[in-house]
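**Q** Chain by chain, the residues run as shown.
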Amino acid sequence: MNVKAHINKLGWPRIIIGLFLASMYISCPFLGLDLKAALNDTFIRFGMNAVLVLSLVPMIQAGTGLNFGMPLGVEAGLLGATISIELGAKGFNGFLVAILFAIIFGIIFGWIYGLILNKAKGGEMMIATYVGFSSVALMCIMWLILPFKSQDMIWAYGGSGLRTTISVENYWYRILEKVLNLKNINFPIGEVIIFIIFAFIISMFFKTKSGLAMKAVGTNEKFAKATGINIEKERIKSVVLSSMLAAIGIVIYQQSFGFVQLYLAPFYMAFPAIAAILIGGASVKKATILNVVIGTFLFQGILTMTPSVVNGIIKTDMSETIRIIVSNGMILYALTRKGEL
Amino acid sequence: MKKNLINNIVPILILTLIALVFPLSGLRVIPTIQEIVLRLSRNLFLVLSLLIPIVAGMGLNFGIVLGAMAGQIALIFITDWHIIGIQGIFLATIISIPFSVLLGILAGKILNKAKGREMITSMILGFFINGVYQLVVLYGMGNIIHITDKKLLLSRGYGVRNAVDLINVRRGLDSLINLKIYNVEIPIFTLLIIAGLGFFTIWFRKTKLGQDMRAVGQDMEVARSSGINVPKTRVLAIVISTVLAGFGQIIYLQNIGTMNTYNSHEQIGMFSIAALLVGGASSSKATIFNAISGVILFHMLFIVSPNAGKNIMGSAEIGEYFRVFISYGIVALTLVLHQWRRKKEKEYKRKKEMEAIMKGELNEKSI
Amino acid sequence: MEEKLLEIKNLSKSFGENTVLKDINFHIKEGEIIGLVGENGAGKSTLMKIIFGMSVIKDTGGYKGEIKVNGKVVNFSNPFEALEEGIGMVHQEFSLIPGFKASENIVLNRESTKKSFLENFFGEGVTRLDVDANTNRSEKAIDKLGLKINSEEVITNMPVAHMQFIEIAREIEREKTKLLILDEPTAVLTEKESEILIETIKKLSKKGISIIFITHRLDEIIEACDKVVVLRDGLMIKSIPTSETNVEEITQWMIGRKVESNKEKTSDKEIDEENIILELKNFNVDMPGERVKNLNLKVRKGEILGLAGMAGQGKIGIANGVMGLYLSSGEVKFKGEDIKTNLPAEPLKKGMFFVSEDRKGVGLILDESIAMNIAYPSIQIKKQFLKSFGKVFNYRDIKEITNNANDYLKKLKIKCMSSEQRVAELSGGNQQKVCLAKAFTMDPELMFVSEPTRGIDVGAKKLVLDILEKYNKENKTTIIITSSEVEELRMICDRIAVVNEGKVAAILPATADIIEIGKHMVGVGGDK
Amino acid sequence: MKKVFNWIFLLIFVLILSAIFFFTGKQHKVLLTNKGKGENAIKTNVVYSIDNLKTKKIRYGKKSAYYIKGINHVIEISYKTEDKKEVKIEKEFKAKISTIEQIDVQKIIRNEKDWITYKKLNK
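Chains as they are written, first to last, in numbering that gives the first Met the number 0: chain A, 0 to 340; chain B, 0 to 366; chain C, 0 to 527; chain D, 0 to 122.
Heads up, some of the hints might be wrong.
[Said to hold, decoys possible] One side of the interface only, derived from the structure: several residues of chain D facing chain C at Cβ under 10 Å: (1) 1; (2) 2; (3) 5; (4) 9.
None of these hints come from the bench; they were simulated from the model. For each residue, glycine too, the CB sits at the ideal point set by N, CA and C.
Kindly produce the complete structure, drawing on both the sequences and the hints.
**A** This is the structure we're talking about:
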């Protein structure tokens, strides 16, 4: 293979973004920034987000498209986290309880969501977006009326419902590091390990009978039909799996971040994750674990590096704008690529 | 009859909901009517700007936010130049056109590359251009683009403030001709402009270009083989929609009187589309009547929900979230219904065709 | 006396190495109706594409020879140039805007408009349509056909026949149209409607419009045309006035080639005529372009049954319907047991398998390895090639999958680097063998094989057929082969069922005369 | 070709229209001073309005700012003389682009020339 073929295989956006990121790391010392801290930041954000990005894989593989409805899975995760806190479960157990409930709600929500998407074949992405949005609004009402009692979650003085941000400091903040007795190391080993575990499970899953069936539906629906695979069922399965992983992903995110963010916080959760996996080389129809790893690293790298570097050069914080342009530009690029559908 | 009911299930549902909730909201009739008239004059133009791309088969154009941004940039300029009153509004309208046309062409070309998924693409395009808009307005203005009036800028010396006071053009259109009936103020001039757009839309559908768009919307392949320039026709549909949206945003903001530089446009696409869908439109069929009834119903919901929430659930917040839920849910629901109905219709048609063929066979035998 | 409207001289066309048309010579006079007949792949559609200036022709290197319209040499680069010269075409698929009225369709993109002031700025686009004028023009065009059709009717509410007429009306509404090409216009019509269509064609020809009429129904040719042109394998076999010939002769010209190279099937198999493995009763399949209508068929255990027929007559639809890939209705009995239709898993579980005509679309996952492609159905249906992990997860057993694949690589002589190679990289013939390996791995009792030799080179064709014949002999597997090449069927089948108009027209022994089979294919087999 | 000509015509028309909107819609700041010099000063409070808009009052010795729109304007001032007689004066003036119009009310009262000066806005 010559250079051109290699470039085509990698894709221009990836190369540009990769070079851009590399140049930022290189420029760190000249701008008086601490490269080690910068890299560390990138890794921490990688650990926070990797499972969320991973959650997109099943739906892409099953041909259900980019999961713009990720907020739905995220809400399931939020339910898991709040219930765990409500039950007063602390430490690693608390984390496990949160994950457990997250999975349960992820399955329920995902199943309903899957049924909806099956009714909307061909227009999944648009409908997914709006299912995600409306689920956020619906859950906003729930946060107001669900009978949570924990003092750590409700408003201290008056006000009804849960707070907008709930600290998990007393529960399972950075529990994945604490459990490994790595309190003083800033590298997110726990998150990386748990990501590897889930990545392994997912890649194993796609080698099972069920996973193979799902993949067949995604790559060639006619082939799948001729092979006797129940297409609708596989699609629902993929949606359930994606929602479940998104639910788990947000709990991992929270334990690293330190707060459970309710109400409108999950609204735009899907977009950065989708942008990340696309930057990693996935397309609307195909995604691998490698795409997840590369993409999350590049995307989070840019998010952590641009503010400090740009600030170092022109004393302005443009991170939000850059995030919007990069992430949506990437999604736009994927949507307009030829021969994707 | 039954088909009609199913086709109009969304407006009927919403109407029932409003009818049930209105008495509980404790709102009085006249102020509510005033509010509706106000919102109609404020939003209807934007909603109408969605119609033409639907005719051209490009679905709900979330890209109207591009037009909204063009309108806002024009407003920033006239505010900076201190052009006030009705002249300011008209000048802003003129200035918005080149921006809208450029953005419209860009959007049209991009959507031509994403046939079959125009809606999601136009939505993401809206987000993307929003980033570019931020880059221009938040970092470029006062820096690269000259801004005379320093009061418009953030304290750091560049970038437009979060809120731009449009007091000098506020209600410039609305108050031009104003009528009061039973304590209800009616902004006649604005409504006349909206009516003008309505007639434009009706007229446009009957032109050659309108006919081409209808053809492209129904079957691109056939349209192409009959010599219609499909990509160009689609780009034109988007350009027209974007330009109109620019005007719409100016009308909207002159009524409100302040502009949230970085937020005013964001929700416009979403709300306009939700309103149109509430009026019984779908992503492939929409009428002016859908637009009008949609705006009325959707904004009734706006007005009623918080009060009803307060009176029923004891929390205005719940009502507010409920409204948000309904507006997003409606879009999801209509899209699902539409997709599902299309599938069913296709199946039904094939079945009928098959039956017709079988019947033809039988007839032949009996002859 | 009459002018030569269209003249074709020494026309040849090849796609790459593959010559599709060679030295075609004929001409059409004003007001003449010419019937164009030929088997699938004889070059009819390529010829029409050249005359109508379809861009595929230019893109694939143009053609050799000369086309003259009204004595002037032309070389169209797109259909619009052809239209300009007065050549109109009605394609097999309807090209009408479904939600438009008939009148709107007839004048599509040629609408009469009213003058408008705005025209000075925005061009013709902003002129208003002159609805009355358009309706008028449409009605005139419909009148010209000598029919009564409401021009205000919306297309979706129209019967199929009317749609066909509206398309013709659209072509003749152009002032310029002098030559009309009709590609299988009667395919979707009932007999009665076809008669009306033929009447219409005749009327048009009297008005001076020449017509090229393509159909597989030879009786229609005799009925409607002045002259018939027969193509076979890209050669023009005959061009003769219809008054000087008959259906039988035409059939012979169409199919008659290798009558001499007749290798007859030597059957040493014992087939029990009473042992029916598959029975179809009143079977309908809604496969676009290949509809099956009220078909009845009995398949004997252990035989190789060939399904012959012209394209579009439904032979392809049978297997697709039984296997649940297209909507079907009616009764399917397999080994005396009712099979539920429209559930693809059902026939697979019962022991049927289908090697699809759409190799790349249905048969294979192009991005996957050879080994995985072969194993896929067995994993999903028979739960083979799986290792279990704590009895919960069944994941694939790479070793067995590879072993199985390597087995078939050897047996079927599949040329590849290894069983891990992506199937997309294989040649057509080897891809077909992978499809067969996939089927054999399932070890079915009954196998449908559709167009097994389509698009693969000559050597591979023979191999594929041999493989099938051998497999049938060794495993006693019933095989139903669908093929457009009758000769192939005669080589390996025990019986041949001819499918015409969605029904079995006749079941003949493989030793039957090829002309006999051909006649059934063109719908004239019965009336001897 | 005709179309191009038409478009140029349209473009010019729109440009002229924009210019008209620009000039007639431009907002100007007018600074009025009511300060006399020496013994000529007529120490009185002045009530004024421009273009018949809202009336404002300037006490003697003070300044007042007024926002107006467009090019041609009429200022109307009224004051009471020492013998309590009300006097009304109307003056026309033009506004210029990117300037602040400074009006000396005293000069108007005393019917002097140059009662209006234009001060360039510093950019």
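**Q** Tell me the numbers of any earlier hints that the structure contravenes, in ascending order.
**A** none
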